[in-house]
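Trainee: Put chain W with the ligand on the given structure of chain Z with help from the hints.
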Amino acid sequence: MARTLFDKVWDAHVVERLPDGTCVLYIDRHLVHEVTSPQAFEGLRMAGRKLRRPDAHIAVVDHNVATSDRRLPIAEPESRLQVETLEANVAEFGMPYFPLLDERQGIVHIIGPEQGLSLPGMTIVCGDSHTSTHGAMGALAFGIGTSEVEHVMATQTLLQRPAKNFLVEVNGALPVGCTAKDIVLAIIGKIGTAGGTGYVIEYAGDTIRALDMAGRMTVCNMSIEGGARAGMIAPDDVTFDYVRGKPFAPKGEALDRAIDYWKTLPADPGAVYDKHLAIDATTLAPMVTWGTNPEAVIAITGTVPNPAAEADEGKRAQLERMCEYMALTPGQKIADLPIDVVFIGSCTNGRIEDIRAAAAIAKGRHVAPGVRALVVAGSGLVKAQAESEGLDKILLDAGFEWREPGCSMCLGMNPDKLTPGQRSASTSNRNFEGRQGPGGRTHLVSPAMAAAAAVTGRLVDVREMN
Amino acid sequence: MQPFTTLTGVAAPLPLANVDTDKIIPARFLKTIKRSGLGVHLFDTLRFDETGAERPDFVLNQEPYRHAEILIAHENFGCGSSREHAPWALLDFGIRCVIAPDFADIFHTNTFKNGILPIKLPREICDQLMDDAKLGGNARITVDLAAQEVVRPNGERIKFEIDPFRKHLLLNGLDDIGQTLQHTPAIDDYEARQRAEKSWMPDISVG
Ligand code: SF4
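Line by line, the protein sequences are chains Z and W.
Letter by letter, the first sequence follows residues 1029 to 1494 in my numbering.
Letter by letter, the second sequence follows residues 12 to 218 in my numbering.
Chain Z with its partners taken away, still in its complex shape (with noise of 0.2 Å):
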């Protein structure tokens, strides 16, 4: 029978199938950070049980640290407790682990790729939701909780079901001032948060063929938004190219036998998908959300949508309290809406093309009078890369803050927040209220179109930007 990515990659993993139908799958790739894992290593302890495989894991501290001077000890003791705690567990356990102060640490979805520890073909799973990201690689990838944490640690599988497939089809050229962000944000826009709920989602169309690997990491980053648990690519002569050289992707030989099995993964012609989409790249504009999930999004032409045209009464209400809480009135327009901060960093947004994107425009300029600016790097190696391209020297003379790797200002867990009615412009991913701290107002963008809102003060179409 004709198989999808999905398909194929979810059979190659099956040791069992119970008789309800429930997997006991294969897990490659294990990644570990220190908010998720602390109780699943304690799991491990007191059951007196071992990592069964060692050398299919990668920890690595990102969501506590602090993004400023990294040779003082974290300041917050409780920060400081949960990274210490990651350190005693990996040396007790024996997993290998990226020090704070080791050029390879970064953000969890940063560094599995930027090392070559997520190849194509592999099922990979981390204790976060945006675990979706390594789908890019043609990966099966996705997040679990931190009991499942403990299971893949204790027997280096999981017990799941089949997802059903998902098609998203992007065709036609992108438009100047669009890019994967955007793509993924109107894709988000169309199926709802929800709409991929029990789905894993191919993207598959010349729009997505056409991105680089970096872009395809932003939009199957975002998959969780959309509510499917993961996001894939099937991988191609772009992945191959990528994968080359990476610190622990196989080289000769090895690799030519790894591409040769990776070319065998996408999908049978005529292989049957569940749902589909259709998006035609060549209408696309640059997005913003105005509410507080990232299915509350418009073209940066458009006009915050009036409640009362909503006929259900629970999503009125849901609507109602959005716009309450971003402070916006129904009908207004989105572009010109002052801003306080810029984030330009995260899982979504913190390669080094990024931050490319967001040096060519703040190039020349500098950022507005009242508005902070944090530019951080998702990973060490992703801030030395820049540096040596001078980029770093563009954003301080523009006067944006160049900051130590990690997810910073993406989650308010670490001391880069907002605070209570703050407005912001960020590359991250998750606008939900409170997200980058309590009280703070998140509009969700690309980082060229937070880079021209840091400059110009407020929330602008990028396209105006010569």
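Since the hints were derived computationally from the structure, they do not count as laboratory data.
Treat the hints loosely; a few may be bogus.
What the hints assert, rightly or not - With a straight-line Cα cutoff of 30 Å, these simulated DSSO-like cross-link-like pairs (lysine-lysine) come out:
#: 1; chain 1: Z; residue 1: K1361; chain 2: Z; residue 2: K1445
#: 2; chain 1: Z; residue 1: K1343; chain 2: W; residue 2: K170
#: 3; chain 1: W; residue 1: K170; chain 2: Z; residue 2: K1274
#: 4; chain 1: Z; residue 1: K1303; chain 2: W; residue 2: K145
Unchecked claim - Partial list, derived from the structure: chain Z residues whose beta carbon lies under 10 Å from chain W:
#: 5; residue: V1043
#: 6; residue: D1048
#: 7; residue: Y1054
#: 8; residue: I1086
#: 9; residue: L1109
#: 10; residue: Q1110
#: 11; residue: T1113
#: 12; residue: L1129
#: 13; residue: F1170
#: 14; residue: E1178
#: 15; residue: Q1188
#: 16; residue: R1189
#: 17; residue: P1190
#: 18; residue: F1268
#: 19; residue: T1292
Given the structure is predicted, the values throughout are model-derived calculations rather than measurements.
Note that the Cβ used here is the ideal one computed from N, Cα and C, for glycine as well.
Mentor: Quick look at chain W with the ligand alone, frame taken from chain Z:
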């Protein structure tokens, strides 16, 4: 894990859709290294104002809902992050069952692992139960997992569907790892096969 058999208790109505995990437990409370103690921060921003005082209009700040063991909500409950702190906070507060039209995938899995029963019922039925729940302490709802029934205060029984494997684990309070370890020989075989067939796949070791 505590088995889940039947539960009779106060149900709290939370007529909201897309209740995300940041709402259930904001990121600033994820710095714990324990599973317990998160109940005081459950729904923190909805429950407390900037000064830390209770918001009297929030359902869990009202009697009898302070003692709720069942939560009834609208679509896409638990969307957002994979944080198991969300079910831990619910459980620590005393909630053992959430009823909604549907749930986000990761949250749905996480509830089972903690002995919380997520029940999917159509929106109309959730709305009926929501009305029941609004009647307060005298209107207790019963959940019978073995029979797969929710019993309304008026005695009406409503059937629900549940994955048989999950039901078995929950009824007996079994943890998944113990189950899976019974398949160790099959996992050994798989691993040996994979090492032979995909020998290009590198092991991780950091110097
Ligand atoms: S950058 Fe944000 S979304 Fe990504 S892993 Fe960190 S906190 Fe999660």
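Trainee: Each of the hints needs a verdict: does it hold here or not?
Mentor: Do the hints match the structure? See the list:
Among the hinted pairs, K1361 (chain Z) with K1445 (chain Z) is consistent with the structure: their alpha-carbon atoms are about 26 Å apart, no more than 30 Å. As the CA atoms of K1343 (chain Z) and K170 (chain W) are separated by approximately 27 Å, the hinted pair is consistent with the 30 Å bound. Straight-line distance between C-alpha atoms of K170 (chain W) and K1274 (chain Z) comes to about 54 Å, which puts the hinted pair past the 30 Å bound. Simply put, K1303 (chain Z) and K145 (chain W) have alpha-carbon atoms about 38 Å apart, too far for the 30 Å limit, and the pair is violated.
With 10 Å as the threshold, the beta carbon of V1043 (chain Z) comes within range of chain W, its nearest partner Cβ sitting at about 5 Å, so the hint holds. A hinted interface residue such as D1048 (chain Z) counts as satisfied when its beta carbon comes closer than 10 Å to some beta carbon of chain W; here the least separation is about 5 Å, so the hint holds. Interface hint status for Y1054 (chain Z): upheld, as the beta-carbon distance to the closest one in chain W is roughly 5 Å, under 10 Å. Because the closest C-beta pair between I1086 (chain Z) and chain W is about 5 Å apart, less than 10 Å, the hint holds.
Satisfaction of the interface hint for L1109 (chain Z) is found here, the shortest Cβ-Cβ separation to chain W being roughly 6 Å, below the 10 Å cut-off. Below 10 Å, beta-carbon pairs count as interface contacts, and Q1110 (chain Z) has one with chain W at about 6 Å; its hint therefore holds. For T1113 (chain Z), the shortest C-beta to C-beta distance to chain W is roughly 5 Å, which falls under 10 Å, so the interface hint holds. The interface hint given for L1129 (chain Z) is violated, since its Cβ lies 14 Å from the closest Cβ of chain W, which is over the 10 Å cut-off.
The interface hint given for F1170 (chain Z) is met, as the beta carbon of that residue sits about 8 Å from the closest beta carbon of chain W, less than 10 Å. Evaluation of the E1178 (chain Z) hint against chain W yields a held restraint, the C-beta minimum of about 7 Å falling below 10 Å. At about 9 Å, the closest approach between the beta carbon of Q1188 (chain Z) and any beta carbon in chain W falls short of 10 Å, and the interface hint on this residue holds. Taking 10 Å as the C-beta contact cut-off toward chain W, the hint placing R1189 (chain Z) at the interface holds, the least distance being around 8 Å.
A cut of 10 Å between beta carbons decides the hint on P1190 (chain Z): the least distance to chain W is about 13 Å, and the hint is violated. At its closest, the beta carbon of F1268 (chain Z) sits 13 Å from a beta carbon of chain W; the interface hint therefore is violated under the 10 Å criterion. Checking T1292 (chain Z) against chain W: minimum C-beta separation of about 12 Å lies over 10 Å; hint violated.
In summary, the structure is inconsistent with hints 3, 4, 12, 17, 18, 19 from the numbered list given earlier, while agreeing with the others.
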